[in-house]
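Q: Now for the letters of each chain:
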Amino acid sequence: MPARHFLWVQTLAVAHRLLLEQWRQKRGLIFWAVFPSTMMLLFGLVYAHNDSMRAGLDAAAAGILVGAALFFSCLGGTVAVIAAERERGTLPRLLTTPLHPAAYFLGVVMAQLLLALMQVVMLYSIALWIGVRYHGSLFLGGVVLLLSVFSYVGMGFFLGARFARRSEEVVVALSAIGVPLLVLGGTFFPLEIMPQGMQAIAQINPMLHMNQAFKGVAAYGMGFNELRFELIFLLVFCVFSLALGIQSYRHLLGVDKSK
Amino acid sequence: MTAVLQIEGVHKWFADRHVLDGFSLRVDPGEVVGLLGPNGCGKSTVLNIVCKLLTCDAGLVRLMGEPLSELGYHARGLIGLCSQHSALYPDLLPAENLHFFARLYGLSEKERKERVAELMHRFELEKFASTRVGQLSGGWQQRLHLAVSLIHRPKLLVLDEPTAAVDLEARMELWRLIEGLRDSGTTILLTSHHLAEAQRLCSRVALMRSGKVVAEGRVPELLSRIPGQSVAKVHSENNQAIMQRALDLGWHVRQHSGQMRLLLPHDLSLREIVDALEGTQVSAVSVQPVTLEDAYLELVGVSASLSEGR
Numbered sequence: 001m002p003a004r005h006f007l008w009v010q011t012l013a014v015a016h017r018l019l020l021e022q023w024r025q026k027r028g029l030i031f032w033a034v035f036p037s038t039m040m041l042l043f044g045l046v047y048a049h050n051d052s053m054r055a056g057l058d059a060a061a062a063g064i065l066v067g068a069a070l071f072f073s074c075l076g077g078t079v080a081v082i083a084a085e086r087e088r089g090t091l092p093r094l095l096t097t098p099l100h101p102a103a104y105f106l107g108v109v110m111a112q113l114l115l116a117l118m119q120v121v122m123l124y125s126i127a128l129w130i131g132v133r134y135h136g137s138l139f140l141g142g143v144v145l146l147l148s149v150f151s152y153v154g155m156g157f158f159l160g161a162r163f164a165r166r167s168e169e170v171v172v173a174l175s176a177i178g179v180p181l182l183v184l185g186g187t188f189f190p191l192e193i194m195p196q197g198m199q200a201i202a203q204i205n206p207m208l209h210m211n212q213a214f215k216g217v218a219a220y221g222m223g224f225n226e227l228r229f230e231l232i233f234l235l236v237f238c239v240f241s242l243a244l245g246i247q248s249y250r251h252l253l254g255v256d257k258s259k
Numbered sequence: 001m002t003a004v005l006q007i008e009g010v011h012k013w014f015a016d017r018h019v020l021d022g023f024s025l026r027v028d029p030g031e032v033v034g035l036l037g038p039n040g041c042g043k044s045t046v047l048n049i050v051c052k053l054l055t056c057d058a059g060l061v062r063l064m065g066e067p068l069s070e071l072g073y074h075a076r077g078l079i080g081l082c083s084q085h086s087a088l089y090p091d092l093l094p095a096e097n098l099h100f101f102a103r104l105y106g107l108s109e110k111e112r113k114e115r116v117a118e119l120m121h122r123f124e125l126e127k128f129a130s131t132r133v134g135q136l137s138g139g140w141q142q143r144l145h146l147a148v149s150l151i152h153r154p155k156l157l158v159l160d161e162p163t164a165a166v167d168l169e170a171r172m173e174l175w176r177l178i179e180g181l182r183d184s185g186t187t188i189l190l191t192s193h194h195l196a197e198a199q200r201l202c203s204r205v206a207l208m209r210s211g212k213v214v215a216e217g218r219v220p221e222l223l224s225r226i227p228g229q230s231v232a233k234v235h236s237e238n239n240q241a242i243m244q245r246a247l248d249l250g251w252h253v254r255q256h257s258g259q260m261r262l263l264l265p266h267d268l269s270l271r272e273i274v275d276a277l278e279g280t281q282v283s284a285v286s287v288q289p290v291t292l293e294d295a296y297l298e299l300v301g302v303s304a305s306l307s308e309g310r
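Listed in order, the protein sequences are those of chains A and B. Position 116, counted from 1, in the first sequence is what our numbering calls 116; the numbers after and before it change by one each time, with no gaps. Position 25, counted from 1, in the second sequence is what our numbering calls 25; the numbers after and before it change by one each time, with no gaps.
Treat the hints as calculated values from the structure; they're not laboratory data. Nothing here was measured: the structure is a model prediction, and the numbers come from that model. Quick reminder that beta carbons are idealized off the backbone N, C-alpha and C, glycines included. Misleading hints may appear alongside valid ones.
[Stated by the list, open to error] Covered stretches of chain A (in silico footprint by chain B; criterion: 3 or more residues with CB under 8 Å from a CB of chain B, positions within the stretch not fixed):
| id | region |
| --- | --- |
| 1 | 9-16 |
| 2 | 21-33 |
| 3 | 96-107 |
For reference, chain A alone in the conformation it holds in the complex:
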């Protein structure tokens, strides 16, 4: 089988397996659907109650999608995948197969991308129903989401490989490292009200650029030129994510095989 085709087959195999496992874990799937929907409805109620805030609902919907829904499903989901592989002892088993680290990474990205798409459809169905408007290009929004999912998975690989040895540690890793990144990513406070030092640190946080890029497209109708910096940053971070993911996978195998 040609190498490129083989990589693709392996990527699909990993994605298919992860989606099948997700489908079988019905309870997890329900919570995964309830969380962003509830968030959107609650934000909708708060914003509807305060006339002065109504205008911000479009940006809030974008923030909930990138900063909450995708954060937990793509980043949290990836950390959970890594922790589960470790707990089940399947990592050394994978290393004895010809599975390429890049195929493993891309398989996780693909599975998370499909889940993210479903979350987008679900969340924006509710959002549009409560009066949110999507202002920008659907294509550009899709590109931002693709780059965001890719980046989240890369960070998830890193957190999972370094900080989550067991499934109980997934929440700890997310809380201790992921949530501060969310704060620095402008999810809870706008960048402008942060101290100068925090603003400087926030600039190297990919979550900030995901938030700004998607809010820019969805809430303010910005185009490629206005979001060029964010898009280039995310694109570079995606390449870095792939390298980080492959390195983390190798680190994981190195750690596990020396047990």
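Go by the hints and put chain B onto chain A.
A: Just chain B, lined up with the frame of chain A:
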């Protein structure tokens, strides 16, 4: 004939611990070679090197005549590993686990479907076709694990204590399946703590101690190195008297873990043994033909029986 696996003078250090000290072993096509030795003697390190989970510090490993280091990813398609812990996906069905690993090995769709159906049938997994793997018993999970390790028709099947974590009934079933593989010509490298398992399954056995092979051969060859045809296990209040009597009779005497073993040069009945030891305060005696366990104790020279556990 090209050996499936040839390990020549391999050394491995973990920090200042010399785990493999010039380890050598050859596995020819169709052979089932057992690697036996006490805990910490380096068995798992050997398997990890063969499966490319570790690299050796010195020496050479050849797989199908090619240096393992030069085979790269291709080597992984030549080996199937089944360890004692069934590393499977518990939320998937048995066939889904098989399909997943088949895809990783690059089997075409037609090939994959045929192979999965064949292994499901061969390992009698069809009756659990709609049961999630996590709900199967340990024995059935291990059976599936064995099937998974064969999905890509490896040239060498590596079994790392495959029955260590299952109950007796499941162990007997796994032995039957491994015997089936052996009879169909599968080349197997096996480690085990059960000497009876090795004696039953292996065509050749290598006994390890301190990172090297100390004795190697077919089971009858190893048994022939014991100075006796049968062994009498004796319990007595007066071991000294028994030892003296046995030596007077020209029998070899061994003591392992406080138990006295008398190696008898020819088959004797229990009555004849009791008569010969009369007056030595024997409280219990049993006799049986020499087994691989006796050869192990004789040739490896450790005082613990492997079959008594870790």
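Q: Taking the hints in turn, state whether each one holds.
A: Structure-based check of each hint:
no.: 1; hint: 9-16; result: holds (count 5)
no.: 2; hint: 21-33; result: holds (count 3)
no.: 3; hint: 96-107; result: holds (count 5)
The structure meets every hint from the earlier list without exception.
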